[in-house]
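Q: Sequence:
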Amino acid sequence: MSDSPRYRFAPSPTGMFHVGGARTALFNWALARSNGGTFVLRIEDTDEVRNKPEWTQGIIDSLAWIGITADDPHFEGPLFQSNFAAGHLAAAERLLGSGHAYYCDMTTEQIQERAAAEGVTGYGGWSRDRGLGPAVGNVLRFRVPPGVTVVHDEVRGDVEFDNEAIEDFVLVRGNGHPVFNLANVVDDIEMRITNVVRAEEHLPNTPKQQMIWEALGATPPAWAHVPVLVNEQRKKLSKRRDKVALDSYRDDGILADAMVNYLMTLGWTMPGAEAAGTEIFPWSDIESAFRLSDVNLSPAFFDIKKLTAFNGEYIRRMTVDDLAEACGPWLPDEWGPEPFRSMVPFVQERLKTLADAPGTVDFMYADEPVIDQQSWDTTMSTEYARSLLADAVEAYAALPEGDWTHTILKATLEDVMTTYELKLGKAQAPVRVAVTGRTVGPPLFEALEVMGSDESIRRMRAALARLGV
RNA sequence: GGCCCGUUCGUCUAGAGGCCUAGGACACCACCCUCUCAAGGUGGCGGCACGGGUUCGAAUCCCGUACGGGCUGCCA
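At position 139 of the first sequence the residue is numbered 139 (the numbering used here), and the sequence of numbers has no breaks.
Honestly, the hints are just simulated from the structure, not real lab data.
Computed cross-link-like contacts, DSS-like style, restricted to lysine-lysine with a CA-CA straight-line distance of at most 25 angstroms: (1) K243 - K52; (2) K305 - K235; (3) K426 - K410; (4) K239 - K305.
Simulated restraints, written as ranges between beta carbons of each label pair: (5) A256 - T121: 43 to 49 angstroms; (6) K305 - A256: 14 to 20 angstroms; (7) W330 - D415: 37 to 43 angstroms; (8) S293 - K243: 27 to 33 angstroms; (9) S238 - R128: 33 to 39 angstroms; (10) K305 - L467: 37 to 43 angstroms; (11) G174 - G36: 41 to 47 angstroms; (12) D333 - V159: 52 to 58 angstroms; (13) P282 - K239: 29 to 35 angstroms; (14) F180 - A355: 38 to 44 angstroms; (15) K243 - A117: 43 to 49 angstroms; (16) R94 - E313: 51 to 57 angstroms; (17) V159 - G119: 26 to 32 angstroms; (18) G122 - W330: 51 to 57 angstroms.
Ideal Cβ positions, reconstructed from N, Cα and C, are used throughout, including at glycine.
All chains should be built: construct the whole structure from the sequences, respecting the hints.
A: Dropping the structure here:
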């Protein structure tokens, strides 16, 4: 039991779940599940978080959307940092008692003045041997030992840090509150975390955390720092400048499976993808194939175009029923299920996102098609447009009741167009624009069949009237 | 300033010294198919940051340079 790996995932609880965080979560999740371990969701418990329970719920919901569900036996949490607040201070006491920490009364300003006066940068450990005791305003600092700290990283190998370059950092503030690095490590120890997989921006702080682990007599976890996600400027994806909210992609009609699959291609490649000629794989395969040692080292650009392409492929793989169901939230409330449902087979391969769905059939729901002027002008200005449309209406109106099917509709128009010596590509255009208002859209004859003869013929006649026929 | 990390087509990547005339995916372009648009098929464009080593041989190992990013708080 005790030696099953425990992977900790600690997103920053800012009320918005980041796509980069989603990818890190997925890495942890794949590892936890395929190694028989546990995915531990830990949320920092600040005053702000405590006052906004919806933030925590938002994280849980976002994780659930990408398949990381709280009812899975590999999932544990959410656990909150504050449960261990007393433990944080107790750990600080132990560090003080063992000589790994000492008190310091210097303010930030004093440190800067002193550094400037001596022509150096940083703190310099000036209170190390002053033997100060606890007092209001005094901070507790970690006594960084001489030597070298080696971080064994499962992605990047051994990374060495010269301890000379690491300042005696603060563990407990002057107001008695523990600092992130301390709280984080104590929580990790308390929660028996064995593996830390996180973004590479945390790598420079890792030696400090590792020193705390060791000073506390604990065995540090297996570290892994994965590359960050960047924007087109090669800067770390930021909430301010970039579209990073996972929810925003869901709202744009991206499928969770497509998002998950795409995210996993950033920094990692499914073995066999090259031979398969595709990067689309089911999560179950990805989960069992994922290895940290295969993750690459450089930052990746989050490419919405590629995400969208993946999404189109996932949409095409859905069943018609599932797709119709999935599109529901994007259809206007006043629309009934038909004729959309009947059109799904014809629009499926045209959708890149679920949000595209209404735009493919909106002409059917409108009382009159919205005429795109440019489509109308270019299509109806031909010599043959009027008379061909008139002939088509006549032929369609003459069709017996049961003959309003796409095959007969197509054959009928082909019959009409022979007198004009046109190909179907040209001949269908006036009919299409008359009925849909546009030159592009789902297959015409199928659409006519779904709309029915009365409405189709009415629209064509309305177009003729508009043409002055 | 100091420290750390990184650098293969536009983008994501494969590549562990000869299999590389550097492969795949997305994007883009052309053609085919085709009732429009798509989807699908075929083909094309396009890259090892630079300079030195090591080696019979380097995208791959070493050193340096350049460029990019990150960290360096009594933030998390």
